[in-house]
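Chains U, P, R, X, F and Y are the protein sequences, given in the same order.
Numbering follows the working numbering, with no gaps: position 27 of the first sequence is 27.
Numbering follows the working numbering, with no gaps: position 73 of the second sequence is 73.
Numbering follows the working numbering, with no gaps: position 231 of the third sequence is 231.
Numbering follows the working numbering, with no gaps: position 132 of the fourth sequence is 132.
Numbering follows the working numbering, with no gaps: position 211 of the fifth sequence is 211.
Numbering follows the working numbering, with no gaps: position 103 of the sixth sequence is 103.
Honestly, the hints are just simulated from the structure, not real lab data.
Among the clues, some could well be false.
Same chains, same label: a pair holds when it works inside one copy or across any pair of copies.
No more than 27 Å apart at the CA atoms, straight line, and that leaves these computed lysine-lysine pairs for DSSO-like [stated by the list, open to error]:
#, residue 1, residue 2
1, K210, K176
2, K128, K176
3, K128, K210
6 protein chains.
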Amino acid sequence: MEPLDLLVVAPHPDDAEISVGGIIAASRAQGMRVGVVELTSGEPTPHGTPELRRAETAEATRVLDLTWRQNLNLPNRSLQPTLEARGRLAEVFRATRPQIILAPYWQDAHPDHTAASSLCDDARFWSKLSRSDMQGDPFWPPMLLHYFSIHLRIHPAASIVLDVTPHIETKMAAVKAYNSQLIQGRSTEHPTVIDDIRDRARYWGWTIGKGYAEPLVNREQIGIESLSHLL
Amino acid sequence: MEPLDLLVVAPHPDDAEISVGGIIAASRAQGMRVGVVELTSGEPTPHGTPELRRAETAEATRVLDLTWRQNLNLPNRSLQPTLEARGRLAEVFRATRPQIILAPYWQDAHPDHTAASSLCDDARFWSKLSRSDMQGDPFWPPMLLHYFSIHLRIHPAASIVLDVTPHIETKMAAVKAYNSQLIQGRSTEHPTVIDDIRDRARYWGWTIGKGYAEPLVNREQIGIESLSHLL
Amino acid sequence: MEPLDLLVVAPHPDDAEISVGGIIAASRAQGMRVGVVELTSGEPTPHGTPELRRAETAEATRVLDLTWRQNLNLPNRSLQPTLEARGRLAEVFRATRPQIILAPYWQDAHPDHTAASSLCDDARFWSKLSRSDMQGDPFWPPMLLHYFSIHLRIHPAASIVLDVTPHIETKMAAVKAYNSQLIQGRSTEHPTVIDDIRDRARYWGWTIGKGYAEPLVNREQIGIESLSHLL
Amino acid sequence: MEPLDLLVVAPHPDDAEISVGGIIAASRAQGMRVGVVELTSGEPTPHGTPELRRAETAEATRVLDLTWRQNLNLPNRSLQPTLEARGRLAEVFRATRPQIILAPYWQDAHPDHTAASSLCDDARFWSKLSRSDMQGDPFWPPMLLHYFSIHLRIHPAASIVLDVTPHIETKMAAVKAYNSQLIQGRSTEHPTVIDDIRDRARYWGWTIGKGYAEPLVNREQIGIESLSHLL
Amino acid sequence: MEPLDLLVVAPHPDDAEISVGGIIAASRAQGMRVGVVELTSGEPTPHGTPELRRAETAEATRVLDLTWRQNLNLPNRSLQPTLEARGRLAEVFRATRPQIILAPYWQDAHPDHTAASSLCDDARFWSKLSRSDMQGDPFWPPMLLHYFSIHLRIHPAASIVLDVTPHIETKMAAVKAYNSQLIQGRSTEHPTVIDDIRDRARYWGWTIGKGYAEPLVNREQIGIESLSHLL
Amino acid sequence: MEPLDLLVVAPHPDDAEISVGGIIAASRAQGMRVGVVELTSGEPTPHGTPELRRAETAEATRVLDLTWRQNLNLPNRSLQPTLEARGRLAEVFRATRPQIILAPYWQDAHPDHTAASSLCDDARFWSKLSRSDMQGDPFWPPMLLHYFSIHLRIHPAASIVLDVTPHIETKMAAVKAYNSQLIQGRSTEHPTVIDDIRDRARYWGWTIGKGYAEPLVNREQIGIESLSHLL
């Protein structure tokens, strides 16, 4: 398999779309190879079924024109940073060899998300190990950035904000594909969950003088080659 | 005059070279038009004279291949953020129309530096005023970033770190042009001032996995268009 | 004069409406006595005149149902934290005796705003002085909070976020009263300045699970009497 | 059972009293329904026995006039954020349906405390799950705030500081009920553990200009409806 | 004059005692040479007179056993960071040649304090200038640390906390010497101003496991030679 | 066994040398008793064998003149903060009774390092437990500080920076003893891993005006007895 440029690790189907759907669409439009790996099925939920969730995911995948997508089927609601789960995810990194991993932020209200965040760090390290019994060749994903979820209404500074103005409709279409999660049975009064997702992208757009944007956090310093790359 | 891509505001001749000599050299190598405006002559100093300082500055200008350089001759050692100085600097911004201004960080041990930092903010705002008696047409420099000086040994996080590995020798040559300021009469024991300047660039290089680098701070969020621009 | 509950110090007419128009409207609806003091006329501007600006201000005052409003006519564009300006503002505090002062945040791109921020601190202290030749009786305004302007796209954490959902239309009507400043001659493409103002209120609403909100910063700790006051 | 307004999650009997005894007393005096759930017995300790600790707890409960109190008897000294413990605590949230949960801060020297902190987040999320085999109906506790323990002498900023001046004697009486933990066998030289607890409340009182107070941290922004609620 | 080890710069007589009276006493007890320079007379105040304030200052000086004390008689209530004031203070640094300067923190509610904070930085730099018309020989005070005042109830982290347990009574005696400022006409209800001063020292003592302590802030990193120097 | 003054907890052989080799050497030179406990063997690695790693460790121990060193042989690459591992490490603390523990920082790219960081906190607490079945007498290590590893290129502020200028060659000799880990098979182009280690120490030296230094972080405030201990 040809290596990915970008791999988003999502605890459940819909997390990648909600948090970085615009970055995914922008990266695809720039010719990057972009994948998503879900750790769990995300089910059960009040209005979902495994079949429905898979269909919604397929639609979002089509909308975003993803290069690659996979689901590890680790235990939903009970995800834990076990050694076994670490190995499974590390094998994904070895198989897809991404230049950049996008992982959930380490603070969240959903325990699957904090577990997923730990797993990303841990699996990234295991991915480079030689003399192991994991499948695939050793590979060190050179960059790991964090994205914000919607479960905790935190307000951190971003390390970097990506302009997604031309791709906001694509993002919102991918988000709305998850009808059973984000629309069905939800309040239709303003602000809806859909409003919240779009309006946060609007705010981040404002921070950089653009229409819509999405933030990422890096625990390390952000390096660039030229000031001409700044918006 | 054709607009500048980058304008460094330096309190004294040698501040631009010490703090962002590598960014200047890298930007020039990338074809950007780069200028430096000094606010004061920097003299008197223990080993300098106005003539000598001008000659050293000319040599550094040559080494860095600067597009444009000017000195406002505001009062050295007694620089203050007056309205008059603000107007003088705003006129420079109108004349050079830079896309990015690099200004001294707002915390420093040298009062000329903190005054210069305020002046950059203030003059940037005045630069865009219509219905004023300042020379030149209204212009809003779209980005203002801060660089660190050497007078206070602070350790802030950077917003962005620029790789200057291929240009470190150019930077150090420009720094050493200021013999009267940084070499003559200084201790020759390790670490010298010259060592300190090079070794800090080494550290910032380490933070992004490169040989040498220079940090910049932005009070606003850092926006980029593509993840492919990250090192 | 009966004391004010809340006094907003605005560098120019429109700053109070843009930054805390919702808090003003909410406080009025809660029966609080709310005033605004402008430090300067705000003119000249590209599309304004002194008469027009005064008329716009009067309309915004009417929309917000302000208890009290005054303009100190200090020098626009050249506001500085002089002792004389300090005394003028201190006399306003003595005359209006506000429980809470809302002042501009200390970091901004507009030098009038940073000067105004300093003046608020300084005048608050002078306001309590006995044995002075200032008019009015000594008075210590017990609380001073800071609001964010729109000139610098900073992203600080708030100390406290005020729900203004029921008052967003009032705020926007007050904002739009400043047609010469925020609408005339401005780009009509999305996002307009008006969009930016509304959408930021939307974001802060999201942070507390409401429709619209406005943030304030306190350098001191936030004290409350009962957890039942938290939203 | 009628829902609680406030539920304090304490790793051991005495943690609630030490950290938020004043908030508990103040909330009760304001008519709120307040509960405490301990995760472990807290025993063995050098001077305690299970019987003695229960008697001390009963006395503190009486002093604070708690609405509800329970002990989950999870393993003391070896508390871990297991799925089973998560389910047990989530069932408590479903049964008591608190508006606000007070949880231990996430940094501490006592591993039971950091485990308890994780459990609060995780159980809060599980509490809202439908289609689970947990007892009780799905319920999402709308607010979770953190309190500081005494094992690590950290100095974080508070999100909100509660005035407990009228209730300091009640707090101290509840604290002293734990004679086997905080008095017996402890140094009687100034400052004693009891001194430390009272004097920290004094400091936080100072931060808001009151006699005594207790701090809380929120990872999310603090929302309020009216500036009149600020002290 | 033999150089000082420590020089406290105080805006008014009583600031040094209130903020770092314990550090002064401890440093004297350790054999260090300690001075205080006041920038203004501190008068007028509601209950003070110049004569009374001088007498109170003399008593505090005696209690603290200061090596050196001087008052620059710059304008009280109207202190500003002028070049002339900068020169006056720089000459004090040249005359006393202190190893460590203690300066007021840069954020405060009292404009004299923020002006004094700027002046300390600026005068420290001027102190080292050659070829100037200031009195005395060039001297660079190697360390400048900041202390907290009592006008703003801020809660910053300290860079370093000094144990002053054995000297708390000396500190409080020096504080109480300023009867006209801190006792006369003040509320006698708990907590009094005197209580606040003592109790804050108690809190900082708690942070390092001691009885009483005082905090200092350094914008630079804190260097030490041996871990055995940590408490 | 006579108690240690300082105990470094290292996930693998070479972590102590890389991160705090200079502090170890300086502390030994000051007559302190210094130990290192490794949690795992560190093997397998691409170029190492258990025998080779032990030999390299012995050489580093000799170079640093360590008072005590031990390896717990917990599972390399799969270290987890289990209760069993916690007990093992707590018994080390009871046996060596260190005044200061140096633990890995809590954020890292290597999962063994974050697990080790948790274990240090947890074991420190267990070390003081009475009525347990752990070996040794209850002991509370009074101070725990954190050091930075090299796996994540973070840039935190230090709580305290130790001057290690006279000991830099000793540190680098101890580092180079781990030939199989840091030299063999590594790129020999500048900057090598060895360059990175030395140059970071150079940077921290710069922060305190010295040649070389190493940083430590304390979650609690840093207490000292005299300002004369500051560099």
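Hints not upheld, ascending by number: none
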